[in-house]
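As given, the protein sequences belong to chains E and A, one line each in that order. Mapping the first sequence onto our numbering, position 388 (from 1) lands on 388, and the numbers just tick up by one. Mapping the second sequence onto our numbering, position 6 (from 1) lands on 6, and the numbers just tick up by one.
No lab work stands behind these hints: they were computed from the structure. Where is the CB? At the ideal position from N, CA and C, for every residue including glycine. A couple of the hints might just be wrong.
Stated by the list, open to error - DEER-style ranges, computed between Cβ atoms:
1) A:277 x E:2: 28 to 34 Å
2) E:270 x A:40: 30 to 36 Å
3) E:402 x A:257: 37 to 43 Å
4) A:276 x E:161: 20 to 26 Å
5) E:33 x A:108: 54 to 60 Å
6) A:371 x E:292: 37 to 43 Å
7) A:108 x E:301: 57 to 63 Å
8) E:436 x A:238: 50 to 56 Å
9) A:40 x E:3: 53 to 59 Å
10) A:214 x E:32: 33 to 39 Å
11) E:7 x A:238: 29 to 35 Å
To be verified - Below, a sample of chain A positions facing chain E; criterion: calculated Cβ distance under 10 Å:
12) 22
13) 37
14) 56
15) 58
16) 128
17) 144
Next come the chains, spelled out residue by residue.
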Amino acid sequence: MAKHETPMLDELVSGPWPSFVDDLKQLAAHRAKNEDNIEYQIPVDVVEDLLGILELSFKHGRTHWKHGGIVGVFGYGGGVIGRYCDQPQNFSGVAHFHTMRVAQPGGKFYKTDYLKQLCDLWDLRGSGVTNMHGSTGDIIFLGTTTPQLEEIFYELTHNINQDLGGSGSNLRTPADCIGQARCEYACYDTQDLCYDLTQEYQDELHRPAFPYKFKFKFDGCPNGCVASIARSDLSFIGTWKDDIKIDQEAVAAYIGGEFPPNAGAHSGRDWGAFDIQKEVIDNCPTECMWMDGKQLKIDDRECNRCMHCINVMPRALRIGDERGLSILAGAKAPILDGAQMGTLIVPFIEAVAPYTKIKEEVIEPIWDWWMEEGKNRERLGELMKRQGLQRVIEVLGVDPDPRMVQEPRSNPYVFWKEDEVEGGWERDINEFRKHHQR
Amino acid sequence: MAFISSGYNPDKPMENRISDIGPRKYDEFYPPVIAKNKGKWLYHEYLKPGVIVHVAESGDEVFTVRVGGARLMSTLLIREICEIADKHCDGYCRWTTRNNVEFMVDSKDKVDPLVKDLEGRKFPGGSFKFPVGGTGSGITNIVHTQGWLHCHTPATDASGPVKAVMDELFADFQDHRMPAHLRVSLACCLNMCGAVHCSDIAILGYHRKPPMLDHEYLDKMCEIPLAISACPTAAIRPAKVEFGDKKVNSVAVKNERCMFCGNCYTMCPSMPLADTEGDGIVIMAGGKVSNRISAPKFSKVVVAFIPNEAPRWPTTAKTIKSMVEAYAKDARKYERLGDWAERIGWERFFEKCELDFTHHLIDDFRDPAYYTWRQSTQFKF
Ligand code: HEM
Ligand code: HEM
Ligand code: SF4
Ligand code: SF4
Ligand code: SF4
Ligand code: SF4
Numbered sequence: 001m002a003k004h005e006t007p008m009l010d011e012l013v014s015g016p017w018p019s020f021v022d023d024l025k026q027l028a029a030h031r032a033k034n035e036d037n038i039e040y041q042i043p044v045d046v047v048e049d050l051l052g053i054l055e056l057s058f059k060h061g062r063t064h065w066k067h068g069g070i071v072g073v074f075g076y077g078g079g080v081i082g083r084y085c086d087q088p089q090n091f092s093g094v095a096h097f098h099t100m101r102v103a104q105p106g107g108k109f110y111k112t113d114y115l116k117q118l119c120d121l122w123d124l125r126g127s128g129v130t131n132m133h134g135s136t137g138d139i140i141f142l143g144t145t146t147p148q149l150e151e152i153f154y155e156l157t158h159n160i161n162q163d164l165g166g167s168g169s170n171l172r173t174p175a176d177c178i179g180q181a182r183c184e185y186a187c188y189d190t191q192d193l194c195y196d197l198t199q200e201y202q203d204e205l206h207r208p209a210f211p212y213k214f215k216f217k218f219d220g221c222p223n224g225c226v227a228s229i230a231r232s233d234l235s236f237i238g239t240w241k242d243d244i245k246i247d248q249e250a251v252a253a254y255i256g257g258e259f260p261p262n263a264g265a266h267s268g269r270d271w272g273a274f275d276i277q278k279e280v281i282d283n284c285p286t287e288c289m290w291m292d293g294k295q296l297k298i299d300d301r302e303c304n305r306c307m308h309c310i311n312v313m314p315r316a317l318r319i320g321d322e323r324g325l326s327i328l329a330g331a332k333a334p335i336l337d338g339a340q341m342g343t344l345i346v347p348f349i350e351a352v353a354p355y356t357k358i359k360e361e362v363i364e365p366i367w368d369w370w371m372e373e374g375k376n377r378e379r380l381g382e383l384m385k386r387q388g389l390q391r392v393i394e395v396l397g398v399d400p401d402p403r404m405v406q407e408p409r410s411n412p413y414v415f416w417k418e419d420e421v422e423g424g425w426e427r428d429i430n431e432f433r434k435h436h437q438r
Numbered sequence: 001m002a003f004i005s006s007g008y009n010p011d012k013p014m015e016n017r018i019s020d021i022g023p024r025k026y027d028e029f030y031p032p033v034i035a036k037n038k039g040k041w042l043y044h045e046y047l048k049p050g051v052i053v054h055v056a057e058s059g060d061e062v063f064t065v066r067v068g069g070a071r072l073m074s075t076l077l078i079r080e081i082c083e084i085a086d087k088h089c090d091g092y093c094r095w096t097t098r099n100n101v102e103f104m105v106d107s108k109d110k111v112d113p114l115v116k117d118l119e120g121r122k123f124p125g126g127s128f129k130f131p132v133g134g135t136g137s138g139i140t141n142i143v144h145t146q147g148w149l150h151c152h153t154p155a156t157d158a159s160g161p162v163k164a165v166m167d168e169l170f171a172d173f174q175d176h177r178m179p180a181h182l183r184v185s186l187a188c189c190l191n192m193c194g195a196v197h198c199s200d201i202a203i204l205g206y207h208r209k210p211p212m213l214d215h216e217y218l219d220k221m222c223e224i225p226l227a228i229s230a231c232p233t234a235a236i237r238p239a240k241v242e243f244g245d246k247k248v249n250s251v252a253v254k255n256e257r258c259m260f261c262g263n264c265y266t267m268c269p270s271m272p273l274a275d276t277e278g279d280g281i282v283i284m285a286g287g288k289v290s291n292r293i294s295a296p297k298f299s300k301v302v303v304a305f306i307p308n309e310a311p312r313w314p315t316t317a318k319t320i321k322s323m324v325e326a327y328a329k330d331a332r333k334y335e336r337l338g339d340w341a342e343r344i345g346w347e348r349f350f351e352k353c354e355l356d357f358t359h360h361l362i363d364d365f366r367d368p369a370y371y372t373w374r375q376s377t378q379f380k381f
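One chain only, chain A, in its complex shape (with noise of 0.2 Å):
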C-alpha cells in the first residue's frame, strides 16, 4: 500500500492546523419534523414494543422505530443503517444512550414498511441485524465496556457476554411485560468505565488473584513509587528481591491486602493480575438512577462470583434470567428490581432468587460497611 497524504505536514505540525472546533452543532442533523417541533412535544405512546409515536402542539406528529444493536459496528453495518435511513427517513437517525438505533418517520403509513424492512435483515448466522424493541416496560440494550477486543485490564469479555445475556432476554427486549423498565450494564473491571453501579442488574468482571511480580523487568519498565502509590489500600511497599545472583529493586505485595482493582498493572505492566480461574463475573442488582418514586441507588453485589465461561457464559445468562423471572413474577406494577428486592427485603430476594447468601456479600469495605448490617430486630423469617 502507498501512503496517502491527507495534507498534514509532518516538518511543520502546525501548519494550517485546526483545533478546537468541538462536535458538530446538534442541529445540523434534527430531521425536519424535529428541527420544527422541539421544545413543543405534548405526549407519547409506545405504539407497540420498540415503537413510538411522539405528538407535537403543532398537530405533527414523528414515529420513531428503535431496533437494538452491539455498540460494535462496522462500517459495513454503519453504512447499512445509512441506506434504511436514506431509503425511509430522508437521511436521519440517530442512536440512543444505550446502544439502540431510532429511525423516524413523520406519518404512520411509513412505520409498517420501515419496520418490515428492519425485521428483514439478517446476519449469515440467522441473528437478526435489527431487532425493534427496547422501549416501556422491558430490557433494553446492555451498556457495556471493551473487554478482551480492547482493553488492557479486564477481569471478563464485554461483547460476548452481552450478546449471550441479551439472547438469553430477547423476548423481553420485545415485550413489555416488565413492572417497570429493567436496566442491565457490564463492566470489564472495577474501573466500571460503563458506572454499572446503579443499574437494575449489573454484571461486573473481577480478578481474584494479587498481582504476579516480574521483578526482572519491574525496576527497568515502572516507576515504582508510581505503582505503589496507585495501591488505595497500600498493599504495595518497595523491596529488593534476589535475582539470579544480583538484587534488584522491585515490589512486594501484602497480598491479603489486595482488592484486586489492577490499578497497579495500569501503572506497572509488570504486575499483571489477570488469570484464566481467578477472573470472572460479579452480579449486581437493584440500582437505579431515575428519581421515579424513590430515590437513585446503588446496585448490591448478589452474586460474589461466576467463573468466565467462554463463549457463551451459561451460568451468568441463566442467573439473570432467573433473576428477571422472579422479579417479574412478584414485582408491583412501576416497581423497580431495587424497589422490589426493599419492600419484601433482601433476605426474601435470596429465596426468591435462588441465590445463595454468602460471606463475600457481607461489606466488609471500610467505614460504611457497618451501616449496611441489621441494626434492628425488624427481619423476616
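For reference, chain E alone in the conformation it holds in the complex (with noise of 0.2 Å):
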C-alpha cells in the first residue's frame, strides 16, 4: 500500500514513453518489501515521500525544494548539492535530499559490474534513485542524508575508483560526444582529451577557485552532438585541413540507388530517387562541390567542413586526415544578459597526447586572464564580451585572423592606443599654435 495518494501522478503512468512513475513506484515498493534484507541507511520510505511531495507540486504547480545549504565532502567545494524539502512533517524522508554528482566515465560507456557496484552502494546509503545522467553529464544521486555524504564518498573512493564530479564555481566535470569509440566523423579522440583535462585539472574541479563555472565540453566533428558550442566556456571541436577523401564507386553508388542517403535517416517517408546535385551539391554553403562527368569534385580549398555532404554520403567521403580542433569560447545560457554561442578563438590546434600546447597555450592564458579580471558571477564569455575580442587576441598572444569573425566592424570607432600612433599622444600646443591661430 503506497504511503501517499498520488492521483495526479497516477495518469502519467499510461501512454507508451517509460514512465518515471511506475518506475519509482517500484521502487518505493521494492524498499518496503526489502527482501534482500538490507540495512538502509537512510529512510526506508524515502521514494515514497518523494512521490508524495511531487504529488504535492502536481496539485500546487509549485515546488517544495528549499535552498541548498551548505554540505558537502570534506575538502572539496563541489560535487554536492544540499537539498531540503519545505514540509518535512509530512515528508521526513525527504527532509534532507541531498544530490551528489558522480564523475561519468568519457563516452559514457559501462560495464554492469561496475553500475552494479553503484547501485548496491545507492541502495544502501541513499535513496536508489538517480539521473542517468544530469544535463552536464555526471552520473546524479538523487537523495541522500547529510551523514551519508562521507560515508559515501569513501566507499567510491576506496571501493569503486571513483570521484565525485563538479558544481560551484570551478571546472565543471568535462563531457564528450562518443567520438572515435564509434564515430567515422570524429577528427580527434575525444575522449581522451577529456579524460587528459579532466585528470589535469581535477584541483580546479573539486575546489572553487574560478569567479563563477566554467565547462569544458568535446564535439569530434562540427556536427556537435555534445552541443558545446552552446553550452561550454571552452568547446574543443573536430576539424581537419586536407582534402575530404572521395571514393568515387561509392559515389556511384549513391546516385545509382544502391546505397541509402543520409545513412538511412530519412527511410520513413519515400522522398523519391536520391538526387546528388539537389541533395548534395546545391546544399552545400559554400557552392564548392560539382559534378565532372560521373566523378564528383570539390574544391577544397572552399569548404567549411560543414559536415552536410559527408553526412548525407558516409560511405563516399571520409573527412581529411591533416585532423586537429578549433577551440570556441564563451557559450553560455540566456541568464544574465542574453544567450550567447562560442566565439571561434582557435580555428586550429592539433589535438596529439600530452596536448601541451592546448593546456599551455590556450586554456591556461584564458583561465589566468578569466581568474585576474572576471568579476564574481561573471562567465568568461561574459567578460569577453566586456573587454571585447581583441583582448582574447591578446591573452593568446595570436594574430587577429578574419576567421574570428562573422564580419569586420561596421563602425569606424576604433580605440586606438597610443602606441599605435606614430608619434605618440603628447604634443605641443605651443608648436601647435605657430601654425593654427587661436
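Bring the two chains, given one by one in their own frames, into a single complex with the hints.
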C-alpha cells in the first residue's frame, strides 16, 4: 500500500513513453518489502515521500524544495548539492534530500559490474533514485542525508575507484561525444582529451577558485553531438585542414540507389530517388562541389567543413587526414545578459597527447586572464563581451585572423592605442599654435 | 536501522583519504569490438529506427540498439539494464548525451533477440521500459533538468511535461519521416541548466510574478547586499519597512523592472517567486547546434506563455505536436526547423503553425533587440 495517494502522478503511468512514475513506484515497493534485507541507511520510505511531495507540487503548481545550504565532503568545494523539503513533517523521508554528482566515464560506456557496484552503494546509503545522467554529464545520485555524504565518498573512492564531479564556481565535469570509439566522423580522440584534461585539472574541478562555473565540452566534429558550441566556456570541435577523401565508386553507388542517403536516416518517408545535385551539391553552403561527368569534385580550399555532404554520403566521403580541432570560447545560457554561442578563438590546433599546446597556450592563459579580471559570477563569455575579442587575442598572443569574426565592424569607432599612432599622443600645443591662430 | 560505517573516521577525515582521482578511465568500459576498432570506423547505417550498424576497416561490425528512457531512473531499472546487457552484450552498455541507452552486439544475428527482449519489457501501467528508436530523421529523447522533483527555482516540472510530450511524439521516436532530425529540450527555469536555447523546439519554465517579500525574516535569513547585487536588472534596493510596531531592514522591488529570473530567490530564501497562476511554459523554436549547411543558431520564442496543466500539460503537448506536423509537411529534405522558418519567413511560420503572434514575442531586452526588428521592405503578405 502506497504511503501517499498520488492521483495526479498516476495519470503519468499510461502512454507508451517510459513512465518515471511507475519506475519510482516499483522502487518504493521494493524498498518497503526489502527482500534482500538491506540495512537501509536513510529512511526506507524516502521514495514514497518523494512521490508524495511531487504529487503535492503537481497539485500546487509550485516546487516544495528549499535552498541548498552548505553541505559537502571535506576538502571539496563541489560535487554535492544540498536540498531540503519545505514540508518535512509530512514527508520526513525527504527532509534531507541531497544530490551527489558522480563523475561519468568518457563516452558514457559502462561495464555492468561497475554499474551494479554503484547501485549497491546507492541502495544502501541513498534513495536509489538517479539521473542517468544530469545535463552536465555526471551520474546524479538524487537524495541522501548529510551523515551519508562522507560515507558514500569514502566507499566511492576506496571501493569503486571513483570520484565526485564538479559543481559551484569551479571546473564542471567535462563531457565528450562518443567520437572515435564508434563514430567515423571524429577528427580527434574526444574521450582521451576529455579524460586527460579532467585528470590534469582535478584541483580546479574540486576546489572553487574561479569567478563562476567553467565548462569544457568535446565534439569530435562540426555535427556537434554534445552541443559544446552552445553550452561550454571552452568548446573543442574536431576539424581537418586538408581534403575530404572521395571514393568515386561509392558516389556512383549512392547515385545508383545502392546505398541509402544519409545512412538511412530518411527511411520513414518516400522522398523519391536520390538526387545528388539537389540533395548534396545545391545544399553545400559554400557552393564548392560539382559533378564532372560521373566524378564528384570538391574545391576543398573553399569547403567550410559543414559536414553535410559527408553526412549524406558517409560511405563515399570521409574527413581529411590533417586533423585537429577548433576552440570556441564564451558560450553560455541566457542568464544574465542573453544567450551566447562560443566564439572561434583558435581556428586550428593539433590534438595529440599530451596536449601541451592546448593546455599551455590556450586553457591556462584564458584562465589566468579570467581569474585576474573576471568579476564574481561573471562567465568567461561575459568577460569577453566586456573587454572585447581583441583582449582575448592579446591574452593568447596570437595574430588577429578574419576567421575569428563573422564580419568586420561596421562602425569606425576604433579605440586606437597610443603606441599604435605614429609620434604618440603627447603634442606641443605651442608648436601647433605657431601655425594655427587662436 | 543501524549505522554502517564505510571505514570513514569523522574524527580524522584525512586518514586514508583518497581524493582527486577523477572518473574511471573510458577504455576500462569499452566493449571489445569498440576497443579493437576505435578510430578505424568506416561508415554507419540505420537499419531501422533505433538500430545502427557501424562498419570498421577491419570488416568488424557493431550493431547498436538505442532505447529511450527517462533520465530519472531507479537502481531497479539500472539493474534491469545490467541484466539485459549481461544476457546479450557481454556486460557492456552505454548512455547517450540525450539520456538514451545503447546496447551493442557484434553480430547481426544477435540483434533481433535483443530487440525482442527490449520491446517485451513494460511497466505495470503499460508504458515501454525500453522503446527502440531515437535515431536519424526522427525525434529523439528530450534532454531536461530537474523540475519539481528536486530544484528550488523551477517554474514548471521537468519529468512530467517530458513524459506527456514524448507520449504525444512517440510515433516519431520510432520513425524516420522528418525532413531532418528534430531535437526537443526542456529547462524548468530561465537559468536553463540544460541549455535549451539552441534546440529545434525548447520548453522553458517561466515565472511571471515578481518575488514576494517576507519582510519579517528577510534581514535574518539573507545577506541583503547579495540579493541586491544578484538582480540583473537592478530592480532591488534596500528599504526600511514598518513591520508590526517596528521598522526592519528589508528590500523593495521595482516590479516593472523584474524579468522573473529568480536570482534574488537563489540568494535570499525570503524572496520566493513561485506561483500557481504566474508560472508556466514558454515555447521556443528554430535553434540548432550543428554546423551542417547553416551555422548554429538560437531558438526563438514562439509562444510566450502556456499555463502549467499538471499532470499532462495538454496544451503544451498539442502545441508542440502541431508545430512538428507543420514542419514535417512543409520543410525540404535536410532542412532543420529553424532553416525552414527562415526560408519561408517567420510571418509564414506563425501562419503555418497556427500560432498567435503577440507583442510578447517582439524582443525588447537590451541592445540586441533592435537588430531583430525588420529593417527592410522584404516581407510577405
Ligand atoms: C543564477 C544562475 C543559476 C542558478 C542559481 C542555478 C542553480 C542550479 C541549481 C540549484 C541546480 C541544481 C538542481 C538540482 O539538482 O536540484 C543547478 C543545476 C545545473 N545547472 Fe544551474 N543554475 C544557474 C545557472 C545555470 C546556467 C546558466 C547553466 C548553463 C549554462 C546551468 C547549468 C546547470 C546544469 C547543467 C545543472 C545540472 C542540471 C541537471 O542535470 O538537471 N546553470 N543549477
Ligand atoms: C545534422 C548533423 C548531424 C549528424 C549527421 C549527426 C550524426 C550523428 C550520429 C552519426 C550519431 C551517432 C553517433 C554514434 O553514437 O555512433 C549521433 C548521435 C548524437 N547526436 Fe548527432 N548528428 C548531427 C547533429 C546533431 C545535433 C545538432 C545534435 C544536438 C543538438 C546532435 C546530438 C546528438 C546526440 C545527443 C547523439 C547521441 C545519441 C542520441 O542521444 O540520440 N547531433 N549524431
Ligand atoms: S560530434 Fe561528430 S564525431 Fe562526435 S559523435 Fe557527433 S557526429 Fe560523431
Ligand atoms: S562539408 Fe559542407 S561545405 Fe564542405 S563540401 Fe561538404 S557540403 Fe560543402
Ligand atoms: S533549470 Fe532552473 S529550476 Fe531547473 S534545475 Fe536548473 S536551476 Fe533548477
Ligand atoms: S526575479 Fe530576477 S529580475 Fe526579478 S527582482 Fe529577482 S533578481 Fe531581479
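Hints and how they fare:
1. A:277 x E:2: 28 to 34 Å: 30 Å, holds
2. E:270 x A:40: 30 to 36 Å: 35 Å, holds
3. E:402 x A:257: 37 to 43 Å: Holds - the Cβ-Cβ distance for residue 402 of chain E and residue 257 of chain A, about 40 Å, lies within 37 to 43 Å.
4. A:276 x E:161: 20 to 26 Å: The hint (20 to 26 Å, Cβ to Cβ) is violated, given that residue 276 of chain A and residue 161 of chain E are roughly 47 Å apart.
5. E:33 x A:108: 54 to 60 Å: The hinted range 54 to 60 Å is violated for residue 33 of chain E and residue 108 of chain A, with Cβ atoms some 41 Å apart.
6. A:371 x E:292: 37 to 43 Å: Holds, since residue 371 of chain A and residue 292 of chain E (Cβ atoms, about 42 Å apart) stay within the stated range.
7. A:108 x E:301: 57 to 63 Å: At 41 Å between Cβs, range violated.
8. E:436 x A:238: 50 to 56 Å: Holds - the Cβ-Cβ distance for residue 436 of chain E and residue 238 of chain A, about 54 Å, lies within 50 to 56 Å.
9. A:40 x E:3: 53 to 59 Å: Given a distance of about 54 Å, which is inside 53 to 59 Å, the answer is holds.
10. A:214 x E:32: 33 to 39 Å: Holds: the Cβ-Cβ distance is about 38 Å, inside 33 to 39 Å.
11. E:7 x A:238: 29 to 35 Å: 45 Å, violated
12. 22: 5 Å, holds
13. 37: 8 Å, holds
14. 56: Where the cut-off is 10 Å and the nearest Cβ of chain E is about 9 Å from residue 56 of chain A, the hint holds.
15. 58: 13 Å, violated
16. 128: Hint holds; residue 128 of chain A Cβ to chain E Cβ min 6 Å, cut 10 Å.
17. 144: 8 Å, holds
Violation of the numbered hints given earlier is confined to hints 4, 5, 7, 11, 15; the remaining hints are satisfied by the structure.
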